[in-house]
Structure formats: structure tokens, C-alpha cells
Amino acid sequence: MASSVGTPNNAPEHCPGTQSESAGKASACAGCPNQQICASGEVKGPDPGIELVRERLKDVDNKILVLSGKGGVGKSTVTALLSRAIAMRNCDLNVAVLDVDICGPSQPRVLGVMDEQVHQSGSGWSPVFVDDNLSVMSIGFLLSSVDDAIIWRGPKKNGMIRQFLSEVDWGKLDYLLIDTPPGTSDEHLSLSTYLSQADLTGALIITTPQEIALLDVRKEIDFCRKVNINILGVVENMSVFVCPCCKSLSEIFPATTGGAKQMCMDLDVPFLGSLPLDPLIARCCDEGRDFVNELPDSPATKSIIDVVNNLVQSCKKKQ
Amino acid sequence: MLDNVKHVILVLSGKGGVGKSTVSAQLALTLKEKGFKVGLLDIDLCGPSIPYLLNLEKQDVHQAEGGWIPVYADKEQKLSVMSIGFLLNNRNASVVWRGPKKTAMVKQFLTDVCWGDLDYLIIDTPPGTSDEHITIMENLKTVKCDGAVIVTTPQQVAIEDVRKEITFCKKTGIPIIGLIENMSGFVCATCTECTNIFSKGGGESVAKLVAVPFLGTLPIDPRIGKLLGKCCVTELPDSIWAKMFSTIVTEIMAKEA
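Taken in sequence, the protein lines are chains D and Y.
Residue 66 is where the first sequence starts when you use my numbering, and the numbers rise one by one after that.
Residue 495 is where the second sequence starts when you use my numbering, and the numbers rise one by one after that.
With the rest of the complex left out, here is chain D:
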């Protein structure tokens, strides 16, 4: 089996890894076509991708990772809602969304640009524009059918993420929100590596109130601390459900352990607000419609605006 650090796909068995001390010198290296390069130490330098990403993203003021250890808590929905709300706030702000969920891309649907295609030009991939000041890039645009599955192991996903970070022609951006898959694995490690020199503003963490989600979200916060990612704050999604019939409140995902607020206090991270569970949000996302714009008087819209304000403040503090 391949070693975990820097082993190429076509490496011989027992390859020590290109970044290893014994690269090019181990017995397994005998006969490998790359032995000389490895032995020369040339590849020991940092991944050239890091510099490419830094260069490409230097005109992006705020780079925000949207993370959650748990799946289905609304990372993509909240990413879309927030980016739309930021873009609407001021039409001079340029906002973009990068969807790095390779196996389950949701942004094309949630932002209502499912049938669009990505074009390649001399300066890189052109993102798809949802609005004049809101653009998006996702692997979903590169698939020919919704049924197409991306059955890739880590290294291929990493290559794709590197390309997304270094080859998309965003232009000048005020905010770039990066939507991620659940977990603390390849995608997350690659993002943290490639963005290490690119002045990452921080991570926005999404959770739902119940303990089974918080359990995984605490792991994500632990991950951020391990790899030195600043935490901008936590948003609690699906907090309460308002019955459209009788307006009474129900806790569908009960916060038996105090919900996100308690977790934020325990772990000393900022709490940015909570969003209600509104069936209309789910429907708008399915149809790719702009909830914030269509239902400006909804209590959910108000909560979204509050979260945006807190997030913007949090970003300013970082700068």
C-alpha cells in the first residue's frame, strides 16, 4: 500500500514518498524512473501548487471555508444563502462560491445554474455567473448527467481541488466562500495546505442543534485547531421549526446538550446566529431560487441578514 505523504500514483511498491528523508535512496527506489529527481532533493521543496494558489487568489479579499464535520446540516444551503445575501447587500461587492464537494456537488442546483457550462480561456476556467456580482464553480458543471458518479480516491480529488484553486479566473473578489464536503480528510487537508500561503480569512462552521451533529462538529473544530485555521464562528441551522398551520414552535432536532450556543461557550468560539428550519428555504434551494430576495419579510431572511452582519464583522476583525 502507498505511503500517505507524497507518493505518486505510479510509484513502485514500498515507495518511501517523495517528501521523505530516504526519497530516492531506499531499496524500493532502485529502478524507479524518478529515482534521480528524488535523490537530488529537488522535490523536497513545498508543493508548487501552494505558490500558484497564492498568486491566483491574491485579488480575493476574504477567503472563507464553510465547514462541518456532519453531512446534511446545510453547508451548501447556508453558503448559497449567505453569498446571495452578501452580493445583494452591495452590488459593488464581488462574491463567488467554490464548491469542492467532489462526490456530491450541490451548488449548481442550489444557485439555480444547473445546466450551465464552464468555459476555458487563456486565463483559466471562467466561473458560471448567477448574478452580475455572484459567480460559482463546481465539479457539477463538468458532469454530463446528474447520475454521473465521481468514484475517486483521495489523490484525484486533491488534484481537482488544486485545479479549482489555481485555475479559475475569478477576477477581483471581495468574498470567496468555499463549500466543502463533510469530514476531516483529503479535501480538508488539501484546502488547508494549498491555502496556507494564500491568507485564508478563516472557517465558518455550520451545525444543527442535536448532539449527533455536534459530536462531529466538535471534531471539525479540533481539526481547525490542529491545522491552524482561524474560526470565524458557528452558525446553527435548522434550530426551530415554525408550523405553517398553527405557528407553534417545534424542536425537530432537539438541542439536548444545549445546542451550538453551549458548544461555542465550551470551546470558546464565536456564535454567529441561528437559522430556523423553514420548508420554503428547502423548496427554494431545490428550485434554485433566491430565498432572500423573494421573501424579504420572512423571519428566516432576518436571521440570514443577522448572520451576514456578524460574519462580515468577524472577517473585519481578522484583517
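In the EDC-like style, the derived pairs of lysine to aspartate or glutamate whose C-alpha atoms are separated by at most 20 Å in a straight line are:
(1) D:Lys291 to D:Asp331
(2) Y:Lys702 to D:Asp213
(3) Y:Lys665 to D:Asp212
(4) D:Lys221 to Y:Glu632
From chain D, some residues computed to sit far from chain Y (all C-beta separations above 12 Å):
(5) Lys90
(6) Ala95
(7) Gln101
(8) Pro111
(9) Asn155
(10) Cys156
(11) Gly189
(12) Glu232
(13) Gly236
(14) Gly267
(15) Asn295
(16) Asp355
(17) Glu359
(18) Thr366
(19) Ile370
(20) Asp371
Honestly, the hints are just simulated from the structure, not real lab data.
All C-beta atoms in this analysis are idealised placements derived from N, C-alpha and C, irrespective of residue type, glycine included.
Take the given structure of chain D and dock chain Y to it, following the hints.
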């Protein structure tokens, strides 16, 4: 590998947070209630939920000569459980691993756990179609796998990812036992009005579209989240969940005959 296991059932979904672990746990508990010897293997390495759902969080896995001794959920030792959660010394600790390490761990779970004789082994998976799934699929080639139960929620954004998972099963030759639609409707406790929070019917229509059996719908029932190790069939016998799981288990048992 898994020589003394009669049946292997995978629980899959392209989408996260749709209830894979809850369905896996209830499926295992219902099969146990029917008198079978059941194993439950959690291969979600970055977000293991099974120890919490079965109220086994403080338990430890022991190392014996023949391999790891799984954690038993009951005194009679009819339900044995393995999860990376048992190997972490702090419940907040993250497992930050790239693919190859995850692959090695999944392989170890398949080869080094002393399950003993099992009628059913339920495997709970993380979302996606990547390392863990490829590893399980490759290793199960040598073992007879009964098939996969696929869990979805009704909204399109979940269905889309689930269609990818179905493509994965078809491409890799994993038979599909059927599709379950979870979180289908919520009944307000005050006015008993049923609201389809995440819409409705998406599961059934996609099952038809891609020609896989549809097993039924499960409503949002906050009582289910509080069961923590208890079986819905015995604890909430009047609930739709209890009826559904009885039906699903009967169907799974019929498959064998």
C-alpha cells in the same frame, strides 16, 4: 475474511445527514429482536455516530490474540459493534487522515475484528463515493454481499447525490436491496398538521426512475433520536418507524429463503 458471517448488508447514501447511522442502528436492533446474531460495523472514520446512537460511548475495544473484540450492546452478546469511536480517547478528537490511512483502517476492520458467528453484518458508511466505499466494495468482492440499503431524504438536493450513489452501486456490481425515504414529513404536536419540510415523494420517484425497489418512507419523529440503543419496534410499537422496520426486516429475511 468474514468467513463466519452469513449475510452482509451495506447502508449507503451519497448525501450526509439523511439518517444512514440511525437506519443502520435500528436495522441491527430489529434483526437482533428477531433473534439473529448481528454485527454492526461503522466505517465512518471522520464522523462515527454509532457509539452515541447505541449509547455505548464509554466502551472500549479489547485486543485479543485473534484480533479486536467488538463491543457488545447487550448482555446476551447478540449485537456486537465496531467503530473508530471506541478507539478515540476523547470524543471531540478529530481523525485527520488522508485516503490511504482510511483504506488501511477499513481493511483492518474487515479482517481483524473477531465477530464470531454472525447471521447479519450491517455496515454503516460515510457519505460519498470515495476511499471508504471503494475499499469496502473491493474487499467485499470475495465475500457474498447481500446488497445495499440506500437512504435518502425527499428534497432534490439530496436525491441528486443519492443518484450518484446508485450509479456507484450499479457500476461496481453491488445489488440494491432498496431505497428508504427518511425525514418525509413532520407532524406538528400542537395541530397535528403534517408539513413536508423537505418536500415529499422524491425517494419514490427516483426509485422508479432508476428502477430500484422502494422500501417506504419514514417521517421525522423526534422520539427516534432519543432511543439511544433501544429498538423502535419494541419501544414505539405504534410508530410508523416500527412498522417500516418490521416490514424491511421481513423482506430481508425473505430474500434469504
